[in-house]
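*Asks:* Protein chains in written order, with my numbering: chain A, 1 to 177; chain B, 1 to 161.
Hints may be right or wrong, so weigh each one.
These stretches of chain A come out as covered by chain B in the derived footprint (C-beta under 8 Å, 3 or more residues) [to be verified]:
# : stretch
1 : 140 to 149
2 : 154 to 167
Distance condition first, Cα-Cα at most 25 Å in a straight line; then the derived SDA-like pairs of lysine to any residue [what the hints assert, rightly or not]:
# : chain 1 : residue 1 : chain 2 : residue 2
3 : B       : LYS8      : A       : SER104
4 : B       : LYS8      : B       : GLU59
5 : B       : LYS157    : A       : LEU79
6 : B       : LYS146    : A       : PHE135
Residues from chain B that face chain A, not an exhaustive set, calculated with beta carbons under 10 Å [what the hints assert, rightly or not]:
#  : residue
7  : THR6
8  : LEU18
9  : GLY22
10 : ILE23
11 : ILE49
12 : LEU50
13 : HIS51
14 : LEU55
15 : VAL66
16 : LEU67
17 : ARG68
18 : LEU73
These aren't lab readings, by the way, just hints derived from the structure by calculation. Quick reminder that beta carbons are idealized off the backbone N, C-alpha and C, glycines included.
The chain contents come next:
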Amino acid sequence: MVEMGIKTKHVKDVALIAVLAAVLFAQQIALSFIPNVSFTAFLIILYTRLLGFKKTTMIVVVHVIATNLLSPFGPVLPLHIPSMLIGWILIPVLLSTVFKNLNSVWGLSLFGFFFGFVYGWMFIPVSVFLLDIPFMEYFLMDLIFELIMGISNFLAILWLYEPMHKFLSHQLHKYYQ
Amino acid sequence: MRSNNTLKLIVTLSVIILLFAGIYFYEQSQSLSGPGEFELVIANENEEILHQETLAFDEGMSLYDVLRTHFALTCASNTYDPDPTCSASFRFFVNGSTIDGKIILGIEGETFEVMTDWDRTYLAIEVYQNGSYRLTTKGVNGYTLKDGERIRIIVTKVSGW
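Just need the whole structure built from these sequences, with the hints factored in.
*Replies:* Here's what the structure looks like:
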């Protein structure tokens, strides 16, 4: 009986990871016509706080694979896939370690804002060392896009985190009952 | 709760206003200047100067417009094949808006010719600053010409070739 319960929980976990990864993928594709504006950082922050490090990391891995295989706009450069993966996984890593106690909406909004810049910087090593793009030119040109991402993260978390956290935690409670 | 929402609203509006103000002033600083003159240097991949000339530009002219006026250009087609008609355009994101830009593969003057294939070589646009050439962050349509500066267009090998 106990074993059945654990198996059922695992099946439910897998289904949940697939559904939440699909949500992450769909919103990113839907918003990809606006450069660097999406709810991806907001959703990963929300998932981390509700599901924890392990499940969120699995969602991120599925999301990165799906984005690169199924995006109608084509994959990113294969060399950039590790940067993308590390960039998104950084959210559950940081929120489970250094910012473990960061739970206020204002704090998470500021985290999202600065993460916009950090995510952009993840692509610098490959661009500079492997693609030979000059560091300063790349850094300066990317700043405006990082700022856009930071502000969109900030506003999305500021307005949506509390209601979505409340809604999703309620749904998760019913789902695992 | 209400005061918290009011604070959120104030912060949101402030951030949006600051963002648009920033983009507006950035665009203003990047808007085409002119009329003026700039020195154009065209070099091969060994950095040997093939052509050097001072060219004038009018207000609103892009680097592409100036090059088109003085030289025979070969642009990239939509499949990146050579296209002397330069009819194909590529959509680039410049200064917060999209522009229909060109990709130049080759330039031919009366005494010189440079040609690249995009796969192994390309034409890099550099500007002379503080004693050395620095790669511009924009292409021939997006780059803002400034009076008195020196621009070098140089054949450059793609990394790995």
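*Asks:* Taking the hints in turn, state whether each one holds.
*Replies:* Here is how each hint holds up against the structure:
1. Only residues whose beta carbon comes within less than 8 Å of a beta carbon in chain B count, and the stretch 140 to 149 of chain A has 5; three or more means the coverage holds.
2. With 4 residues carrying a beta carbon less than 8 Å from a beta carbon of chain B, the stretch 154 to 167 of chain A meets the three-residue requirement, and the given coverage holds.
3. With a CA separation close to 13 Å, the supplied pair B/LYS8 and A/SER104 stays within the 25 Å bound.
4. Proximity of B/LYS8 to B/GLU59 is assessed by CA-CA distance (about 44 Å); at most 25 Å being required, the pair is judged violated.
5. For the hint linking B/LYS157 to A/LEU79, the alpha-carbon distance of about 19 Å falls within 25 Å, and the restraint holds.
6. The straight-line distance between the Cα atoms of B/LYS146 and A/PHE135 is roughly 23 Å, inside the 25 Å bound, and the hint therefore holds.
7. Annotation: interface hint on B/THR6 violated; nearest CB of chain A at approximately 13 Å, more than 10 Å.
8. Below 10 Å, beta-carbon pairs count as interface contacts, and B/LEU18 has one with chain A at about 9 Å; its hint therefore holds.
9. With its C-beta approaching chain A no nearer than about 8 Å, B/GLY22 sits inside the 10 Å limit, and its interface hint holds.
10. Because the smallest distance between the Cβ of B/ILE23 and any Cβ of chain A comes to about 8 Å, under 10 Å, the interface hint for this residue holds.
11. Of the supplied interface hints, the one on B/ILE49 is violated, with its beta-carbon coming no nearer than about 22 Å to a beta-carbon of chain A, more than 10 Å.
12. The criterion of a C-beta within 10 Å of any C-beta in chain A is not met by B/LEU50, whose closest approach is roughly 23 Å, and the hint is violated.
13. Against a cut-off of 10 Å between C-beta atoms, the interface hint on B/HIS51 is violated, since the closest Cβ of chain A lies about 24 Å away.
14. Given hint, B/LEU55 at the interface with chain A, is violated; its Cβ is 24 Å from that chain's nearest Cβ, farther than 10 Å.
15. With its C-beta approaching chain A no nearer than about 22 Å, B/VAL66 sits outside the 10 Å limit, and its interface hint is violated.
16. Proximity of B/LEU67 to chain A is violated relative to the hint, the smallest CB-CB distance being about 21 Å (cut-off 10 Å).
17. Hint status for B/ARG68 relative to chain A: violated, with the closest Cβ pair at about 25 Å, above 10 Å.
18. About 24 Å separates the beta-carbon of B/LEU73 from the nearest beta-carbon of chain A, more than 10 Å, and the hint is not met.
Hint compliance for this structure: hints 4, 7, 11, 12, 13, 14, 15, 16, 17 and 18 are broken, all remaining hints hold.
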